[in-house]
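Working from the sequences, and respecting the hints, build out all of it.
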Amino acid sequence: MTPLLSVQGITKRYGAHIGCADVSFDLYPGEVMGIVGESGSGKSTLLNCMAGHLVPDAGQVVFDTRTDGPRDTITMSEPERRMLGRTDWAFVHQHARDGLRMGVSAGGNVGERLMAVGERHYGDIRDKATDWLGRVEIDASRVDDRPTTFSGGMQQRLQIARNLVTGPRLVFMDEPTGGLDVSVQARLLDLLRGLVRDMGLSAIIVTHDLAVVRLLADRLMVMKSGRVVEAGLTDQVLDDPQHAYSQLLVSSVLQV
Amino acid sequence: MIDLSNVSKTFTLHNQGSAVIEVISDVSFAVAPGECVALTGASGAGKSTLMRMIYGNYLTQAGEIRIGGLDIVRSEPRDIIKLRRDVLGYVSQFLRVVPRVPTLDVVAEPLRALGVPADKAQDRASALLTQLNIPERLWSLSPTTFSGGEQQRVNIARGFAHTYPAMLLDEPTASLDAANREVVLSLIEDAKVRGAAIIGIFHDEAARDRVCDREIDVGRFTPGMAA
Numbered sequence: 001m002t003p004l005l006s007v008q009g010i011t012k013r014y015g016a017h018i019g020c021a022d023v024s025f026d027l028y029p030g031e032v033m034g035i036v037g038e039s040g041s042g043k044s045t046l047l048n049c050m051a052g053h054l055v056p057d058a059g060q061v062v063f064d065t066r067t068d069g070p071r072d073t074i075t076m077s078e079p080e081r082r083m084l085g086r087t088d089w090a091f092v093h094q095h096a097r098d099g100l101r102m103g104v105s106a107g108g109n110v111g112e113r114l115m116a117v118g119e120r121h122y123g124d125i126r127d128k129a130t131d132w133l134g135r136v137e138i139d140a141s142r143v144d145d146r147p148t149t150f151s152g153g154m155q156q157r158l159q160i161a162r163n164l165v166t167g168p169r170l171v172f173m174d175e176p177t178g179g180l181d182v183s184v185q186a187r188l189l190d191l192l193r194g195l196v197r198d199m200g201l202s203a204i205i206v207t208h209d210l211a212v213v214r215l216l217a218d219r220l221m222v223m224k225s226g227r228v229v230e231a232g233l234t235d236q237v238l239d240d241p242q243h244a245y246s247q248l249l250v251s252s253v254l255q256v
Numbered sequence: 257m258i259d260l261s262n263v264s265k266t267f268t269l270h271n272q273g274s275a276v277i278e279v280i281s282d283v284s285f286a287v288a289p290g291e292c293v294a295l296t297g298a299s300g301a302g303k304s305t306l307m308r309m310i311y312g313n314y315l316t317q318a319g320e321i322r323i324g325g326l327d328i329v330r331s332e333p334r335d336i337i338k339l340r341r342d343v344l345g346y347v348s349q350f351l352r353v354v355p356r357v358p359t360l361d362v363v364a365e366p367l368r369a370l371g372v373p374a375d376k377a378q379d380r381a382s383a384l385l386t387q388l389n390i391p392e393r394l395w396s397l398s399p400t401t402f403s404g405g406e407q408q409r410v411n412i413a414r415g416f417a418h419t420y421p422a423m424l425l426d427e428p429t430a431s432l433d434a435a436n437r438e439v440v441l442s443l444i445e446d447a448k449v450r451g452a453a454i455i456g457i458f459h460d461e462a463a464r465d466r467v468c469d470r471e472i473d474v475g476r477f478t479p480g481m482a483a
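First to last, the protein sequences are chains A and B. Oh and the first sequence: position 62 is 62 in the numbering used here, straight run, nothing missing. Oh and the second sequence: position 69 is 325 in the numbering used here, straight run, nothing missing.
By construction, these hints were calculated from the structure, which means they are not laboratory data. Please note that the accuracy of each hint is not assured.
Okay, the calculated bits of chain A under chain B, using three or more residues with CB under 8 Å as the criterion [what the hints assert, rightly or not]:
1) 185-197
2) 209-219
3) 235-247
No residue lacks a Cβ here, since even glycine has one placed at the ideal position from N, Cα and C.
Below is the structure:
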């Protein structure tokens with residue numbers, strides 16, 4: 001089987017400082033991978049390099065495109081990469097307002113991505129947008145309201161709807177449940193799990209919340225100082241961590 | 257079906273003076289389809305550790321653990337995930353679920369992961385929950401608020417939802433009353449009849465004698481514990 005995403009030797013420096021160094025892994029269709037580590041460990045840098053938001057100093061990010069098979073997304077042209085960002089890729093930001101258009105209605109936010117891939121029929125777009133609002137548990141009566149009138153949890157769910165409406169195959173998520181209160185987090189996790197299973201999505205989730213990765217991710221990478229110190233099956237890394245830093249990370253979680 | 261050869265495990269505690277603890281050394285045994293084998297030994301002998309190694313939850317430092325032909329000591333995460341979805345079931349002592357998910361969906365989930373349609377998966381889940389005496393009025397609630405015995409039964413229902421060819425059972429009858437214990441033992445017997453290879457930990461000796469064909473004393477493989 002061809003990996004959906006094959007990351008090889010990704011390195012990003014900020015001057016003399018290392019953002020992330022020599023990260024490699026393969027992600028297969030339907031797999032969800034978590035990346036954990038403390039603040040400054042390079043996990044967001046890595047995510048942004050993979051998603052095309054940052055240009056790495058070295059390495060390849062090979063994506064198995066629908067039409068042309070595996071292609072290095074770092075060296076592909078800007079329009080091609082942008083197209084990928086609107087179709088097969090999705091990016092869920094930690095702060096929903098970074099991924100939403102706050103001045104446009106909820107329906108417009110979802111519809112915009114559809115229009116970007118060529119949908120033109122207003123009725124169809126509105127129907128699809130309403131359907132997706134329902135899937136992320138936002139009442140259809142709110143379709144014409146702006147996200148500024150939504151709670152944080154609703155904004156995050158709207159951002160997810162906006163991202164998934166075009167049926168992407170790979171979703172990048174940066175702390176998707178960060179900043180939400182725990183009851184909203186649980187609902188969002190359940191929603192994400194269902195969507196991943198039913199749509200056969202692959203996802204890469206950056207978080208510092210070990211409970212989130214345990215519930216969502218099949219595989220886990222632990223990063224420290226820009227490098228991957230341990231990787232494996234999520235429950236194995238969490239229950240039997242091998243590296244000193246992973247052991248410290250797991251044993252530092254407060255029990256409730 | 258389940259085949260262990262020369263399996264050893266150590267824990268290295270890097271943050272506690274790099275202490276190295278040898279837990280299990282040189283275990284070899286095999287479990288055939290339709291057979292149930294009990295792991296026995298005193299507390300701390302490594303029964304649960306060994307079971308977790310077989311599930312791939314703990315890393316194994318040496319040896320081979322083959323389940324249906326796959327050596328899980330050297331497998332990629334995605335192969336282990338596939339094995340756990342299709343072949344290898346595990347009923348742990350603790351229920352770990354996404355909060356707020358209804359009990360019926362928790363039990364149906366292993367089948368949904370296999371691509372079984374929602375209604376069929378829920379039918380099977382309902383049948384198991386009924387059999388295990390979980391009242392229907394609780395099915396739409398999350399099991400996180402249930403009593404210990406109820407959670408245990410939800411865990412068992414979930415573990416038996418799919419007919420796995422290989423199963424690991426960690427104290428499946430602990431904290432159950434006589435009627436429910438009987439249901440669980442008959443589920444295990446049914447699984448054996450359909451050819452499942454089972455490894456179990458039972459502190460309940462009567463249950464062990466009834467469903468298990470053989471016993472393996474894990475204490476024999478524990479460095480420093482052998483008599």
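So, going through the hints one by one against the coordinates:
1. 185-197: holds (count 6)
2. 209-219: Satisfied; 4 residues make the cut.
3. 235-247: holds (count 8)
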